[in-house]
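Protein chains: 2
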Amino acid sequence: MNLPQQITLCEVVLRDGLQNEPKVLATGFKRQLLEDIQDAGVKLIEVGSFVNPRAVPQVADTDLLFANAVRREGVEYRALVLNFKGLQRAAACGVTKAKLTVSASLSHQRANANTTHEEIFAGFEEMAAFAAAQRITLSGAISTAFGCPFEGAVSAETLKAIVRQYLRIGVTELSLSDTTGMGDPLLVYRLVSEMKDTFPQVMWNLHFHNTRGMGLANVFAAMQAGADRFDASIGGMGGCPFAPGADGNIASEDVLHMCELMGVDTGVDLDKVIAMARRLQDEVGHPLSSSLLKAGKNSELADLATAKMSGSK
Amino acid sequence: MNLPQQITLCEVVLRDGLQNEPKVLATGFKRQLLEDIQDAGVKLIEVGSFVNPRAVPQVADTDLLFANAVRREGVEYRALVLNFKGLQRAAACGVTKAKLTVSASLSHQRANANTTHEEIFAGFEEMAAFAAAQRITLSGAISTAFGCPFEGAVSAETLKAIVRQYLRIGVTELSLSDTTGMGDPLLVYRLVSEMKDTFPQVMWNLHFHNTRGMGLANVFAAMQAGADRFDASIGGMGGCPFAPGADGNIASEDVLHMCELMGVDTGVDLDKVIAMARRLQDEVGHPLSSSLLKAGKNSELADLATAKMSGSK
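Quick note, the sequences are listed as chains A and B, same order. Quick note: the first sequence, position 231, residue 232 per this note's numbering, numbers continuous. Quick note: the second sequence, position 275, residue 276 per this note's numbering, numbers continuous.
This is chain A alone, in the form it adopts within the complex (with noise of 0.2 Å):
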């Protein structure tokens, strides 16, 4: 069995973690989390999303988190935009690194965005040629890449005609996204593989939600197909929009613990991610559906055990 030596972790708790969060946190407790997650070493940020402040307030002061934030060399900050307007913002705060969004299965994205394919990427194209002249780079996710609610399974072909979209307007950096938890381990498996072969000068990264309890196994899968870039949010914080109650985005210190048992470096402080999510929990007053805040680290277990032991005598 092949695993890679390492993995990069896209730390989402900033965007995707806190869009579905009924609190709106303060702009100064997520600035002070942008510093505590580079402390704890992780290089792939998602800041913010540039989306309709009215829609989604929770993100609303992405723009002063880029405009404040203090930038670490070889760290990469990212940030969603969704259309022209969007990106104008990123341009103005001084963001390098957009994430475009288009979603794989048409009535998805019609129910999200009442667009075709075909006018989407008309769209994205003018957003290329003014990111190009702003020096921002690109990056393209594809949502319900895994299975759609509407439409049950997505074939590799229409996933393989909106990458080469993406490819057509230079983006070549792109992110596979199991947005309503629908993939099992084996899709995965086979999925990423075609991928990766498919379009080998394509850096592939997964984004993988724990809604049906795959998350952990659908991580294992994909770096058995060579995936190395993992998005995940602290605590497993973030929801599914359309099942209330059940867990969202799968959580970093639950992937960063399972690397670390299997030997595959992450170059993150695990300790401080736990750290993270409980303060976190404390901030948004309700439990997190992360696996490590309620059980603990393997290693914290022979505590536990011995205390229960000598409680109990």
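Treat the hints as calculated values from the structure; they're not laboratory data. Please note that a few of the clues may not be correct.
Remember, identical chains collapse to one label, so a pair may be satisfied in a single copy or spanning two.
What the hints assert, rightly or not - Heads up, simulated DMTMM-like pairs for lysine to aspartate or glutamate below, C-alpha to C-alpha not over 25 Å straight-line: (1) K295 - E284; (2) K295 - E152; (3) K295 - E22; (4) K273 - E301; (5) K298 - E152.
None of these values were measured; they are calculated from a predicted model.
Keeping the supplied structure of chain A fixed, place chain B upon it in accordance with the hints.
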């Protein structure tokens, strides 16, 4: 990637699932549950445990359940026995399959039963003779096989020594148990592969917990190593005695759902299992840890999504 075409699910909710539950369920409820488990197509059921009824009142009615169970052709009914007295009780109520258990870790073994491996196998030898006379088939479990809270990693050599002891007394169906949810999928793949290679005469059963989110990843890894018999508990019932609030057994419905998506046959009706999980959740009066109870099946998401979209218009 090779996965087995079919797996056997061993339903352990009546034993492992209930033994940590504060509420003691009525025998009538359990009887109905046992019927329903069979109706769902489960062919291997752990019905209870012959332990001190005062120490574990949750399974004190195991004798009654066995005595009154209407046995069906092709279904195997198993019980846990810890000592000679338990085996005598099992024989008295018509049990034909009993499971012994020993901890891979000496510290864990001592904390639980204050005996050494030698002492425990001396006892097992006596029990094996009695079981043979009573036409009871014995299987054997090795707990903390993928890590011990006291001792950390468990070596393959330690496991092999225990397997040889089991083989010596004629027990050839063995379960490797990740009692405290410390196993990672790479370890599982390696250890299961090695054990299967070393002891091809053994019928292996895997028992995973989802304590640190790796439950289904471990099932997937074990399948790749050729394992095809898995314990699971409806609703994910049963917790981790060392980490209150943490998840325990992998949920039967989550395992069945993953298998269904991957085209691995289980012979079990997933919808009936989800219905039982809902009833169990109502009966115990607190949320169970199963992912599917919160999120529903992949195929149900379309309805939720459609409802949400039309509701928001």
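Going down the list of hints, with the structure as the test:
Proximity of K295 and E284 under a CA criterion of 25 Å is satisfied in both settings, with 17 Å inside one chain copy and 24 Å between copies. In this homomeric assembly, K295 and E152 come within 25 Å of each other (Cα to Cα) only across copies, at 21 Å, whereas the closest approach inside a single copy is 35 Å. In this assembly of identical chains, K295 and E22 lie within 25 Å of each other by CA distance both inside one copy and across copies; the values are 20 Å within and 18 Å between. Only within a single protomer do K273 and E301 lie at most 25 Å apart by alpha-carbon distance; the minimum there is 15 Å, versus 38 Å between protomers.
Within a single copy, K298 and E152 get their C-alpha atoms only as close as 39 Å, which misses the 25 Å cut-off; across copies the closest is 14 Å, which meets it.
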